[in-house]
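These are the residues of each chain, in order.
There are 2 protein chains.
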Amino acid sequence: MTIETPYLLFLGDAPDPLAAKVAQGIKDWRPEFAIGQLRMEGCRADMKLPDMDLEQAKAAGAKTLVIGVANRGGFISPEWKKILVQALEEGFDLASGLHNLLREEEDLAAVARATGRRLHDVRVPSVKYPIANGERRTGKRCLAVGTDCSVGKMYTGLAMEREMREREMKASFRATGQTGILITGEGVPLDAVIADFMAGSVEWLTPDNDPDHWDLIEGQGSLFHVSYSGVTLALIHGGQPDALILCHEPTREHMRGLPGYKLPTLEALRELALQLAHVANPDCKVIGISVNTAAMDDDEAKAYLADVEARMGLPTVDPFRHGAARLVDALEAV
Amino acid sequence: MTIETPYLLFLGDAPDPLAAKVAQGIKDWRPEFAIGQLRMEGCRADMKLPDMDLEQAKAAGAKTLVIGVANRGGFISPEWKKILVQALEEGFDLASGLHNLLREEEDLAAVARATGRRLHDVRVPSVKYPIANGERRTGKRCLAVGTDCSVGKMYTGLAMEREMREREMKASFRATGQTGILITGEGVPLDAVIADFMAGSVEWLTPDNDPDHWDLIEGQGSLFHVSYSGVTLALIHGGQPDALILCHEPTREHMRGLPGYKLPTLEALRELALQLAHVANPDCKVIGISVNTAAMDDDEAKAYLADVEARMGLPTVDPFRHGAARLVDALEAV
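Top line first, the protein sequences correspond to chains C and Y.
With this note's numbering, the residue at position 314 of the first sequence is 980, and numbering never jumps.
With this note's numbering, the residue at position 144 of the second sequence is 810, and numbering never jumps.
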């Protein structure tokens, strides 16, 4: 299941830098996995990595060609096909988080079979997960929960992991979505898991560990987002977190994709998430708040963070702007 | 997707009446669907229906042979095969809620193809469900939520539906598990739905309806059962219930299958379920309590129900012992 590293990042014909968000995530969070980039004519994204063709990347030791770019609609463009087929023939595995599966492209599937290479479609579970048994596991776990979807939960977990590794703490980011899985090379694509096995897949992802080891579990959805709340609750009950981080984006006018739904307050999120977390772990605590202040200028952001910190009595930071150090301090104090 | 009725109930070689629980459910709740029973030698279950062979059932108008019996392990016994193959050849569809799928039995699949009959494996979704959009729908919805799994949620919904139909209220039991689906001939096998589509499948199951129509949504799992809580929350957020019924079994010592977990109080269930339900429907109310008192004698049961009713201030009944009338009274008052 683990994707072999290091990677050659395929940027294809990305129309703009945003389209190469997956590649950027790998470059930012696992630079040691990103040995080079492969760009086609007209590519408008650049990871500032050495440009390589397949042969050069092979010589440099790359094992997997990761599709680091998303087309509109998430499909596998015919223009890419020639390179993907060649990559398999040169001995690369392929990895993708696109909706269209590599394995369902007949030509890619046939060449992969013939060459013995692996096609990693990280949107699809490759494991038969157990039903959750609820037993306590050794080691510690921290989970990011959001007032809404897409408020910076993955970023928060990765930033905390980096800070913890710098402090030589034992920490593992545990990916639960396709971007996270491509960044770390493993994880559970939770939104594609069958209902009965959701919590069990999270237990599987965060097994017994050293008493001083922290899993930083990537959050998904929101307890307040009616489309995905069940996934969030499975994370809380399967993850048995010892610590919760509340994540928030303060300028959003309604829940993502749900115009009729207002965002909850951080107070409401704290109360509800803790109540639910205590079912699986009565000692769970909310230890900090992570705010995505991208839409605010520096002064606004600072004022907002200070205000929330005073109101909630919890360390409140934007880890992108100010680093995750204060969140990790709070974790160390648990 | 709808299973054609009426049914011939296949009891096979049921070792005891409990093994024919599915057939019993159909007989109890949709007697008009149960035209006869087919028993093999040594069968120890009896639905008190006319014993019929395939030919007699065909002549009586039966359309589908329903496997109303579960083997240990839920498999399709080789002894049954001869009859199942014959049934397809005689023009019956087959329906089953067993773990082993009819469609994965090569012989059955081949004969079904050749005869143009349908194999209904109700454990497996046959619909591409949407992602929930959270929009309000017309009509009303009632959902049973439990302190634990298997505390009588399906029974409560079916008993309320029967009482409502007797009062000529508009009511539809909406099945979310395999027994419920076999009883009513349709529904969503929620525990087998992919995480991202759980809430959407519940929206799909309970669409716009007459303003005075009630969906009685079959509950699943429990918010307090860490293995399945995500499924329960998807029901609450996809179902947008106007009314909740709390379900409880008072003699259980721990959560089903989770020796380390105590059952919550009815007060804790009420508070948590309402809080979550209000995200999707701010007007949702808890209107009554359904207690499974099977393990108590009459006096104990009466005393317990009276005690809970006084404590909680809500109509509290065992619908199996005393009928669902008081729960339906409470629903009418909404």
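By construction, these hints were calculated from the structure, which means they are not laboratory data.
Cβ coordinates follow ideal geometry from the N, Cα and C atoms, glycine included.
Where hints are given, some of them may not hold.
Here are the simulated lysine-lysine pairs, DSSO-like style, with alpha carbons at most 30 Å apart [said to hold, decoys possible]: (1) C:Lys-714 - C:Lys-693; (2) C:Lys-794 - Y:Lys-687; (3) C:Lys-794 - C:Lys-968; (4) Y:Lys-747 - Y:Lys-928; (5) Y:Lys-724 - Y:Lys-714; (6) C:Lys-747 - Y:Lys-693; (7) C:Lys-693 - C:Lys-748; (8) C:Lys-928 - Y:Lys-794; (9) C:Lys-687 - C:Lys-747; (10) C:Lys-729 - C:Lys-687; (11) C:Lys-836 - C:Lys-693; (12) C:Lys-724 - C:Lys-747; (13) C:Lys-928 - Y:Lys-928; (14) Y:Lys-928 - C:Lys-794; (15) Y:Lys-693 - Y:Lys-928; (16) C:Lys-928 - C:Lys-687; (17) Y:Lys-693 - Y:Lys-747; (18) C:Lys-693 - C:Lys-747; (19) Y:Lys-724 - C:Lys-794; (20) Y:Lys-747 - C:Lys-951; (21) Y:Lys-748 - Y:Lys-729; (22) C:Lys-687 - Y:Lys-794; (23) Y:Lys-951 - Y:Lys-968; (24) Y:Lys-729 - Y:Lys-687; (25) Y:Lys-794 - Y:Lys-748; (26) Y:Lys-714 - C:Lys-794; (27) C:Lys-747 - C:Lys-836.
Computed footprint of chain Y on chain C; a stretch qualifies when at least three of its residues, placed anywhere within it, have a C-beta under 8 Å from a C-beta of chain Y [to be verified]: (28) 749 to 759; (29) 806 to 819; (30) 858 to 868; (31) 887 to 894.
Every beta carbon over 10 Å from chain C, so not counted as near; a handful from chain Y, in silico [to be verified]: (32) Leu-684; (33) Val-751; (34) Ala-776; (35) Arg-828; (36) Asp-862; (37) Phe-890; (38) Thr-898; (39) Tyr-927.
Hint check:
For the proposed pair Lys-714 of chain C and Lys-693 of chain C, the alpha carbon gap of about 9 Å is at most 30 Å, so the pair holds. As the CA atoms of Lys-794 of chain C and Lys-687 of chain Y are separated by approximately 29 Å, the hinted pair is consistent with the 30 Å bound. Distance hint between Lys-794 of chain C and Lys-968 of chain C is unfulfilled; the C-alpha atoms sit about 46 Å from each other, more than 30 Å. Taking the CA atoms of Lys-747 of chain Y and Lys-928 of chain Y, the gap is about 43 Å. The hint is violated against a cut of 30 Å.
Distance check on the hinted pair: Lys-724 of chain Y and Lys-714 of chain Y sit about 19 Å apart at the alpha-carbon level, within 30 Å; holds. With a CA separation close to 57 Å, the supplied pair Lys-747 of chain C and Lys-693 of chain Y exceeds the 30 Å bound. Among the hinted pairs, Lys-693 of chain C with Lys-748 of chain C is consistent with the structure: their alpha-carbon atoms are about 25 Å apart, no more than 30 Å. The suggested pairing of Lys-928 of chain C with Lys-794 of chain Y holds, with an alpha-carbon distance near 28 Å, which does not exceed 30 Å.
Between the alpha carbons of Lys-687 of chain C and Lys-747 of chain C the distance comes to roughly 20 Å, so the proposed pair stays at or under 30 Å and holds. For the hint linking Lys-729 of chain C to Lys-687 of chain C, the alpha-carbon distance of about 21 Å falls within 30 Å, and the restraint holds. With a CA separation close to 22 Å, the supplied pair Lys-836 of chain C and Lys-693 of chain C stays within the 30 Å bound. Of the supplied pair hints, the one linking Lys-724 of chain C and Lys-747 of chain C holds, its CA atoms being roughly 19 Å apart against a limit of 30 Å.
For the hint pairing Lys-928 of chain C with Lys-928 of chain Y, the CA-to-CA distance comes to about 34 Å; that exceeds 30 Å, so the pair is violated. Distance hint between Lys-928 of chain Y and Lys-794 of chain C is fulfilled; the C-alpha atoms sit about 28 Å from each other, no more than 30 Å. Straight-line distance between C-alpha atoms of Lys-693 of chain Y and Lys-928 of chain Y comes to about 35 Å, which puts the hinted pair past the 30 Å bound. At roughly 28 Å between alpha-carbon atoms, Lys-928 of chain C and Lys-687 of chain C fall within 30 Å of each other, so this suggested pair holds.
Only pairs whose Cα atoms come within 30 Å are accepted, and Lys-693 of chain Y paired with Lys-747 of chain Y is accepted, the gap being roughly 24 Å. Of the supplied pair hints, the one linking Lys-693 of chain C and Lys-747 of chain C holds, its CA atoms being roughly 24 Å apart against a limit of 30 Å. The hinted pair formed by Lys-724 of chain Y and Lys-794 of chain C fails the criterion: a straight-line CA distance of about 41 Å is larger than 30 Å. Our distance criterion of 30 Å between C-alpha atoms is broken by Lys-747 of chain Y and Lys-951 of chain C, whose separation comes to about 56 Å.
Restraint check: the Cα-Cα separation between Lys-748 of chain Y and Lys-729 of chain Y comes to about 18 Å, which is no more than 30 Å; the hinted pair holds. Among the hinted pairs, Lys-687 of chain C with Lys-794 of chain Y is consistent with the structure: their alpha-carbon atoms are about 29 Å apart, no more than 30 Å. With a C-alpha separation of about 25 Å, the suggested pairing of Lys-951 of chain Y with Lys-968 of chain Y holds against the 30 Å cut-off. Our distance criterion of 30 Å between C-alpha atoms is met by Lys-729 of chain Y and Lys-687 of chain Y, whose separation comes to about 21 Å.
Among the hinted pairs, Lys-794 of chain Y with Lys-748 of chain Y is inconsistent with the structure: their alpha-carbon atoms are about 33 Å apart, more than 30 Å. As the CA atoms of Lys-714 of chain Y and Lys-794 of chain C are separated by approximately 42 Å, the hinted pair breaks the 30 Å bound. At roughly 41 Å between alpha-carbon atoms, Lys-747 of chain C and Lys-836 of chain C are farther apart than 30 Å, so this suggested pair is violated. Here's how the segment 749 to 759 of chain C fares: 0 of its residues keep a CB closer than 8 Å to some CB of chain Y, so the rule of at least three is not met and the hint is violated.
Under the rule that three or more residues need a Cβ within less than 8 Å of chain Y, the assignment of the segment 806 to 819 of chain C is violated, with 0 such residues. Check result for the segment 858 to 868 of chain C against chain Y: holds, 8 residues qualifying (beta carbon to beta carbon below 8 Å, three or more required). With 5 residues carrying a beta carbon less than 8 Å from a beta carbon of chain Y, the segment 887 to 894 of chain C meets the three-residue requirement, and the given coverage holds. Chain C leaves Leu-684 of chain Y outside its interface by the beta-carbon criterion, the shortest separation being 23 Å against a cut-off of 10 Å.
Distance check on Val-751 of chain Y: its Cβ is at least 30 Å (rounded) from any Cβ of chain C, clearing the 10 Å threshold; non-interface status holds. At the 10 Å boundary, the C-beta of Ala-776 of chain Y stays outside the reach of chain C, the nearest C-beta of that chain being 26 Å off. In this structure Arg-828 of chain Y is separated from chain C by more than 10 Å, as the shortest Cβ-Cβ distance comes to about 28 Å. Listed as outside the interface, Asp-862 of chain Y is inconsistent with that label: its C-beta sits roughly 4 Å from the nearest C-beta of chain C, within the 10 Å cut-off.
Distance to chain C contradicts Phe-890 of chain Y as a non-interface residue, since its nearest Cβ pair spans about 5 Å, not more than 10 Å. Chain C draws Thr-898 of chain Y into its interface by the beta-carbon criterion, the shortest separation being 8 Å against a cut-off of 10 Å. Interface exclusion of Tyr-927 of chain Y from chain C breaks down, the closest Cβ pair being 6 Å apart, not more than 10 Å.
Violation of the numbered hints given earlier is confined to hints 3, 4, 6, 13, 15, 19, 20, 25, 26, 27, 28, 29, 36, 37, 38 and 39; the remaining hints are satisfied by the structure.
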